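K.L.:
So the chains spell out like this:
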Amino acid sequence: MSPSNREADVVWKDRKDLTLLNTDQVRLDGPGKVTGHALYSHDIRIPNMVYARLVLVPYSRTKLTKVDVAPAAALAGVVHAEVWDGGKEAVQFLGDDSVVAVVAAETPELAEDAARAVILEFEPEDNPMVTRGQVTANDAPRLRQGRRGGPNVEEDGARGDEEDVLELLATADGVVEQDYSVPIQHHVCLETHGCVVHLEGGKATVYPSTQMVSDSVGMYASMLGLSQRDVRVICQNMGGGFGSKFGAGLEGLAACRVALAVERPVHLMLDRRQEFLMAGNRSGSTQSYHAGASKDGKIVALKATAEKYGGMGGGALPTPPYIYEVKKRYAQVGSVYTAMDANRAMRAPGHPQASFGMESVVDELAYSVGFDPLEFRKLNLDSEVHLRQLDRVALEIGWNEHPNRKEPGKPDADGMAEGIGFGVSQWGAGARPGAHCEVRIEADGSVTSSVAVQDLGTGSRTYVAGIVAEELGLPLHGVTAKIGDSVLPSSVASGGSVTTGSQAPAIQDAAVQARRALEAKLVDAIGGEVDAFTWKNGEVANADGQKLSFRDACALLGGETLTTMGEFQPNLHSGGAHGAQAARVRVDTLTGHVQVLKMVCIQDMGLPLNRAAVRSQINGGMIGALSYGLFEERVLDHDFGFMLSDQLEDYKIAGIQEMPEMVAIIDDDDDFSTTKGVAEATGIPGHSAIANAIYNACGARVRHLPMTPDKVLAALGRS
Amino acid sequence: MKAFEMRLPASLEEAIALLPTAEGDESSRLVAGGQDLLTELKHHLVEPERLVNLKSIPGLAGATWGSDGSLTLGALTTLQDIYEDERIVTTFPALAEAARSVASPQIRAVGTIGGNLNQRPRCWYYRAEEMVCLKKGGRECFSQFGRNKYNAILGAGPSWIVHPSDTAPALVALNASVEIVGPNGKRTSSMQDYFTLPSSGNVLRETTLAPNEVLTRITIPAPAKGSKSTYLKFKERSSYDFAVGAVALNLTLDGRKITAARIVLGAVAPTPWRVEEVEARLIGRDLNDETIELAREGALAGAAPLSENGYKVPLTKGLITRAFRAISRS
Ligand SMILES: Cc1cc2nc3c(=O)[nH]c(=O)nc-3n(C[C@H](O)[C@H](O)[C@H](O)COP(=O)(O)OP(=O)(O)OC[C@H]3O[C@@H](n4cnc5c(N)ncnc54)[C@H](O)[C@@H]3O)c2cc1C
Numbered sequence: 001m002s003p004s005n006r007e008a009d010v011v012w013k014d015r016k017d018l019t020l021l022n023t024d025q026v027r028l029d030g031p032g033k034v035t036g037h038a039l040y041s042h043d044i045r046i047p048n049m050v051y052a053r054l055v056l057v058p059y060s061r062t063k064l065t066k067v068d069v070a071p072a073a074a075l076a077g078v079v080h081a082e083v084w085d086g087g088k089e090a091v092q093f094l095g096d097d098s099v100v101a102v103v104a105a106e107t108p109e110l111a112e113d114a115a116r117a118v119i120l121e122f123e124p125e126d127n128p129m130v131t132r133g134q135v136t137a138n139d140a141p142r143l144r145q146g147r148r149g150g151p152n153v154e155e156d157g158a159r160g161d162e163e164d165v166l167e168l169l170a171t172a173d174g175v176v177e178q179d180y181s182v183p184i185q186h187h188v189c190l191e192t193h194g195c196v197v198h199l200e201g202g203k204a205t206v207y208p209s210t211q212m213v214s215d216s217v218g219m220y221a222s223m224l225g226l227s228q229r230d231v232r233v234i235c236q237n238m239g240g241g242f243g244s245k246f247g248a249g250l251e252g253l254a255a256c257r258v259a260l261a262v263e264r265p266v267h268l269m270l271d272r273r274q275e276f277l278m279a280g281n282r283s284g285s286t287q288s289y290h291a292g293a294s295k296d297g298k299i300v301a302l303k304a305t306a307e308k309y310g311g312m313g314g315g316a317l318p319t320p321p322y323i324y325e326v327k328k329r330y331a332q333v334g335s336v337y338t339a340m341d342a343n344r345a346m347r348a349p350g351h352p353q354a355s356f357g358m359e360s361v362v363d364e365l366a367y368s369v370g371f372d373p374l375e376f377r378k379l380n381l382d383s384e385v386h387l388r389q390l391d392r393v394a395l396e397i398g399w400n401e402h403p404n405r406k407e408p409g410k411p412d413a414d415g416m417a418e419g420i421g422f423g424v425s426q427w428g429a430g431a432r433p434g435a436h437c438e439v440r441i442e443a444d445g446s447v448t449s450s451v452a453v454q455d456l457g458t459g460s461r462t463y464v465a466g467i468v469a470e471e472l473g474l475p476l477h478g479v480t481a482k483i484g485d486s487v488l489p490s491s492v493a494s495g496g497s498v499t500t501g502s503q504a505p506a507i508q509d510a511a512v513q514a515r516r517a518l519e520a521k522l523v524d525a526i527g528g529e530v531d532a533f534t535w536k537n538g539e540v541a542n543a544d545g546q547k548l549s550f551r552d553a554c555a556l557l558g559g560e561t562l563t564t565m566g567e568f569q570p571n572l573h574s575g576g577a578h579g580a581q582a583a584r585v586r587v588d589t590l591t592g593h594v595q596v597l598k599m600v601c602i603q604d605m606g607l608p609l610n611r612a613a614v615r616s617q618i619n620g621g622m623i624g625a626l627s628y629g630l631f632e633e634r635v636l637d638h639d640f641g642f643m644l645s646d647q648l649e650d651y652k653i654a655g656i657q658e659m660p661e662m663v664a665i666i667d668d669d670d671d672f673s674t675t676k677g678v679a680e681a682t683g684i685p686g687h688s689a690i691a692n693a694i695y696n697a698c699g700a701r702v703r704h705l706p707m708t709p710d711k712v713l714a715a716l717g718r719s
Numbered sequence: 001m002k003a004f005e006m007r008l009p010a011s012l013e014e015a016i017a018l019l020p021t022a023e024g025d026e027s028s029r030l031v032a033g034g035q036d037l038l039t040e041l042k043h044h045l046v047e048p049e050r051l052v053n054l055k056s057i058p059g060l061a062g063a064t065w066g067s068d069g070s071l072t073l074g075a076l077t078t079l080q081d082i083y084e085d086e087r088i089v090t091t092f093p094a095l096a097e098a099a100r101s102v103a104s105p106q107i108r109a110v111g112t113i114g115g116n117l118n119q120r121p122r123c124w125y126y127r128a129e130e131m132v133c134l135k136k137g138g139r140e141c142f143s144q145f146g147r148n149k150y151n152a153i154l155g156a157g158p159s160w161i162v163h164p165s166d167t168a169p170a171l172v173a174l175n176a177s178v179e180i181v182g183p184n185g186k187r188t189s190s191m192q193d194y195f196t197l198p199s200s201g202n203v204l205r206e207t208t209l210a211p212n213e214v215l216t217r218i219t220i221p222a223p224a225k226g227s228k229s230t231y232l233k234f235k236e237r238s239s240y241d242f243a244v245g246a247v248a249l250n251l252t253l254d255g256r257k258i259t260a261a262r263i264v265l266g267a268v269a270p271t272p273w274r275v276e277e278v279e280a281r282l283i284g285r286d287l288n289d290e291t292i293e294l295a296r297e298g299a300l301a302g303a304a305p306l307s308e309n310g311y312k313v314p315l316t317k318g319l320i321t322r323a324f325r326a327i328s329r330s
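Respectively, the protein sequence lines represent chains C and R.
Numbering-wise, the first sequence is residues 1 to 719 according to the numbering used here.
Numbering-wise, the second sequence is residues 1 to 330 according to the numbering used here.
So here's chain R without its partners, still in its complex pose (with noise of 0.2 Å):
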């Protein structure tokens, strides 16, 4: 990889004045586990001159709960450490089980959250350092007639990737929001909205931030009474594998009545994709074998598949049918 020089920051100030201003400039990058961006400089996809250390930053690490049950994470938290804390697994089973499907124990040891809801994404195209891809700058995405097996089915175009974070949509469905610190100060935005579909946003990022601004902090809200989540994701080899497909789901139910749902897949999408149509239509229904059916029915209703990668929609039906019976029965 190309010698870069490392900063290592005392404070958020100092490191946001670290980093460049203007939309496009990759001379200086953050970095936090480093557990993508070093494949990134390896591959010669990204050659910053200087990388800004989060980890020289105190108090970006760690779970703090509200006294009204919600919980905050801070960016620098490690994947392990989200599923490795009882009270998470309990009371957020969905983010527990998402952070866990992550990568291996090695990397997941080092990887933090942040970084994993800030990484980029592994489409073949993007990741050879050759193939000038709509996402590094050129004119086309090579996915959408070339090889496609992983590639997206919904909500893509003019970019196909789908977005690799497990952790993503398991907060999307648990409503969390992100605190982003910036030049100007903190801003807040919603999970959801933090990510960018390359139709609406800037194709060559995926999400809203800056590149002089840290996401700093993720509040998950305490559930509501009732309400039971899970992440199922299909890895196509167990042993590591990003999802292929992934279902988060978060239901409340008043014994066996849906008062409110989420559903959000994974690796089918150029973000998490929440279903809201869908959701609404779930709202007041029992759960049973025709509600499950509604709901993987009319989640994959727009998919439009490529050559190679129809398999999807059905493997991603499957795992909704899956999700919704492991929440009926537990």
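The following block holds chain C by itself, in its conformation from the complex (with noise of 0.2 Å):
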């Protein structure tokens, strides 16, 4: 049967008949993390394991002149040591193309030692190509040759008439211009990157940290010299990836080089340092905005011109002006290489960033023609949803009853001010076609869901299970989930939202199909018409009352096993995430610290699969996006092109005391006939909401990311 089919016929429950769906439901992979019991990609080990590691050369441009293994090689306990590739005359830039060697040992601890030991000499360029200062200069060398090169600095076009916005500017009644930007920031996966490579007589297991199961088959099937069906991928648990791990990366590759190399399993996991030099990162961003608003709180004009900086990668950033309505508008947004890794998709990627600069010029513009900033907001949102969450936000944090709502507040006795900010994001989310899943129900009464969707501890798991229980009136714990292994149905990658959009529809595509056909066999028992029975509490029961427990209509199957395929049901899903967040701030303007106080975000995702695991989404949004406004940044010195913040005690990330109040709201109030992602949406505008804030408290407007004492001091014109 085609999905087209059963469009349609396949629907998600009523909402006031749903008891699993759309509750809080403890997550499946919960006590294993929590024990230790979980096993990630680092911690997989298999009998006769050889650790492998990469070599680095840590400076963005250097000669090489000699990378020798020999004495790596010579090593006791060490079971291979290779040049890179054959060898280079250069290192081009930061990241991948720091690799030099790669070395295999008995244990991790002799592998650092052999890395060590590979002699490197080398000479750094005189110019580091780091900067954009640096990358213009006039005899800079093009960093992308070849079949994809180009210059540097590369503009992607204009958009709008930049006459028309200029003759509009002059005439606004409320003028901003100003220049705001963001710096380059990690993923920061908890668990760097890396796999386990088991080849065996012609086949072969890997075990990646992985963003997608079943689409890595292909990759290391190539890498391996393997037919596809000679490849089985595993990823029981992910340390997160948050868009950095789609690809099997440089690493991927050399662990398969090894694996064939020395013939045994090769473990290979980036060690923290090489994480932050070679694993992606956020790209950064100026943007410059001159814009103009009415005496009636509309935006009349807005020119941008934004530049973005991915390293060897074009950036992310959608062109501005980002979610409001503008009339007139001219943006033109360009791409700055330097000689650093080139940018991964990261949690909404371009998002956060245009977040940042748009929000704060709308807050600008709001305070500039003497409008209350939410009011103002409101005036220059399109979407109704928006417009609903943000009233839902400011009732949450206090916005009535705050005293400063149309200029900034002032400073106490002891230098400090509260202030509250807002923001708004939107996401794509949808779906993507190509996710399955198998509902198998024996005799007994034995449920299983399958498929090999990873999860990034984002809840899967437990919807894989929990989306077929609820169709069957079963207990959460009724029907076991298998994830994360290549050799069940297929699915998607978990980028841009679409896990769920994608792959819930299929779930419900099999549960449904699954109680079709038993109902089918209860029709014949107790009679009844298909469709027309109800599923609850373990039990089963017509339209006329009569009743069998799960048990009992499953013994019906005999000595079969029922099993179904569930397809991808377009109709199940939606795209299109609004949501709105508001922070509550205190500055120490003596010190420039700023706490945030409270965070609130409501969000819309259609049907809830599983309340507890939303929230947690929505918590994981505002903690990134405060990590990100308050501390984040690539630290490099320019003169060497090394990089300073590569290690988690430069590059500072928010801890458990920068935890503000949280209070994560599902919006009720959308439709729940479908199902979309809510992951990335959360983490658009919560920086933005904190920069508002700030300036809301005391007239500091902080335009340069991360918010930090020295730039919250600058702001204040105290240093």
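Careful, some of the hints might be misleading.
Said to hold, decoys possible - When the alpha-carbon atoms are kept at most 30 Å apart in a straight line, the in silico BS3-like pairs for lysine-lysine are as follows:
(1) C:598 with R:235
(2) R:136 with C:66
(3) R:55 with R:186
(4) C:536 with C:482
Simulated from the structure, these hints should not be mistaken for laboratory data.
Keep in mind the model is a prediction, meaning the values are calculated, not measured.
Using the supplied hints, reconstruct the complex from the two chains, each of which is provided in its own coordinate frame.
P.N.:
Right, here's the structure in full:
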């Protein structure tokens, strides 16, 4: 049966009939994770396994004169030492290109000794090519050569009519002309990138830390020279990906090459420093805005010029204006290429960056025409959903009782000031075709729901069981979920928050088919009609109220196992997520310290499959944005092209003391007839709301992330 | 990290005999809680062949009170034991607050006061193995013209590190002294003179300690009547972080009148930074806003920030204001 045949015929239950979905469910992977039983790629141990390690030259641009692996190979316990890719004459950028050798040994410690034993001789280039000034210098070489070559600074092309915009700006009642910037951020996956490759008898099992189990098979097969049939990919638990773990990466390729060379299982995970140097980043950007508003609170025109900093990648930034309605705009976005690893997807690529610039400008415009920034936002947003959501977060954060709504407040006698700020988000979510699900029911009442899909810690494992349990009237533990293994029915990659939109409909499809198949047996046994049975509390009843226990119903299968295969059903999902956030901060105007006291986020997602998991996602989005807003920044020495923030001690992320009171609100006014992914939208506007709250507290407009004390004090005119 | 031999000496003499005699010889190193040394080993900043573990020597941990009300701390006393000691908390609040402000609970549970005073700098360049900076025998302090957000604004040059210890400024403010044992026996030093500036001392070290000496005890004299102390640390990240600025303040008050003052700044200079001329100007003045301003402005008057650390000036002034107000209120 093709998906379209069943379309409209398979639906989600009505909201009032749901007993498991749309409630709080304790995630199935929780106990394993808190007790340490859950195995990650790092933890995989296979008899006879060796530990491989990459050797890097940690400067952005160097001439290489020598890479000698012989001293490493000569160490006892070292089983492999190879010059990477047969050797090269130069390192062109900090990142994958920094890798110059790979070694493997009997223990991780010996592998580290071996890596250090490799003799490297190199000379850093005069121009490290890590700043805009350096890549645009007269004698600067082109960073991108060959087929995808191009200049170091490249414009994406302009949109809108600049003359028109400038004309309107000349007559605007309030004008803002300012520069904003966000630095390069890291994903900081707790589990670093890498995999274990187990090659034996012409077949391979690979254990990568990955956001895509099914689609990894082909990659590893080609790297190992095997047919896809002979490659199995397993990822049961993921220590964070955030968009950085799709491809196998150079580390995956190296693991495969070592496995082929030594014919033993190979464990290759990046160390923390390598994770910072070569596992991708969220691109930075500079954004200049010239915008105007009218006395009646409308944004009349906006001119934006922006540059993206994604290292060897082009970076990500939606063309301004972001979300807000502007009568006339002119926008020009470009990329500045630097000698660093290419940016990778990271939680709503480009959106948190755009949000910071745009929400700051909108806020500045509001105050410039004497408007309450909340009211001003509502006047310039198109979606009814955003209006409703803004009201809700305003209520929750206490905006209506807040003393400084039209102009910023002043510090108290001790130098402290409190303020509130807002931001909104928008994200595509949606789905990709290709997800499946197999439901198996045995005559003894065992139910298994299986699909290759990965669980990035977001909760997919739990709804793989939960959706089926709901349909069959069982408790969550009445269904066994099997995931994270490529031998199971295939699924999609987890990117763009499409996992739920893609996967959940296929599970529902399999569940409905299984229910109907059982109902067909019930028709003969107790009478009734397919689709007219009630499945609840472990029992099934026909329209006349005649009941069987779930187990007895399954016994009707006799010796048979009931198996159904679900496919993606477009009508069960939707795209286009909306959210709004508010932050309340306390600013210490003597030291520039910002404490976030409270954050509120409301998010729509259609049908919430597991309310507890959804709130966790929302909290995670707020925490990520807080950390981005207040702490995170890649720091390089510009003369050496050398990364200084290459450890978690120096690359600061928010910790437990930074956590505000968090209120995660599920938008129950949304339509529950479809479901959609919720993850990425929640991380978009939090830091913008914090920046706006800082201004609202004390009049310090911080236009550059992270909002560390140096920047807050500067904005206060104190340094 | 490089493999090393761990020695467990039974006595101080034995420990000292295991230490190198020549300046610059790193073949053997003392270890206490290991919370700083291990990070140095892991990052290959030092690669000693031998570690000499102080913890096997009896009698080096714990607090003892003299009949005169003075306090002596063994070098192996953990930071946690310091701030969990009620008498220390009430008698020397600056020390207890400083000890409590260090790192995380896990680190405070094993990190010792001796290790805290002898820990090495956190400057990005010093901590990066590849960067052979002045502190590691190179020719240049890279932070001077490089990235220097956390570096020194006072007393610096030719190295711009800041001293990372939280307990050091508190102990200087409390007029502590240290006992040091070497091959030729004991010597004592004021806490203040124990630390050396890069311009006057050995730029490869931060203290007067010789490679074969051990800091064994710290003694704090009994507080004068009417004295009050506090340590205020500013962390960029509250959860755990080194200080970006700090102030240890020890005032003796007669009513509102200041009769003695010690103001020591942390995280702004290569040593705990005592501002003696400012202290002198406070004597005889009432503790009021005007006096606080005098202290605040005077303390930072000589500041010479680098390209990215100018904010430390207003920040530290803010901390001084707060510290004085805290004492004024207490
Ligand atoms: C993540 C992290 C955060 C930290 N945060 C802070 C902070 O906020 N504030 C702060 O002050 N520190 C901080 N530290 C530094 C340090 O770990 C602690 O201060 C701790 O007190 C060090 O004590 P230890 O006993 O573990 O020292 P060890 O590591 O054992 O020794 C440190 C150094 O002192 C020498 N040494 C130790 N004992 C003696 C002695 N008796 N005589 C002579 N030399 C001796 C050792 O040879 C070594 O060089 C932090 C460390 C880490 C890893």
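K.L.:
Hints first: check each against the structure and report whether it holds.
P.N.:
Okay, the hints, checked on the actual structure:
Proposed proximity of residue 598 of chain C and residue 235 of chain R is supported: the alpha carbons are some 20 Å apart, at most 30 Å. For the suggested pair residue 136 of chain R and residue 66 of chain C, the alpha carbons sit about 25 Å apart, so the restraint of at most 30 Å is met. Distance restraint check for residue 55 of chain R and residue 186 of chain R: the Cα-Cα separation of roughly 19 Å lies within the 30 Å cut-off, and the hinted pair is therefore satisfied. This hinted pair checks out: residue 536 of chain C and residue 482 of chain C have alpha carbons roughly 23 Å apart, not beyond 30 Å.
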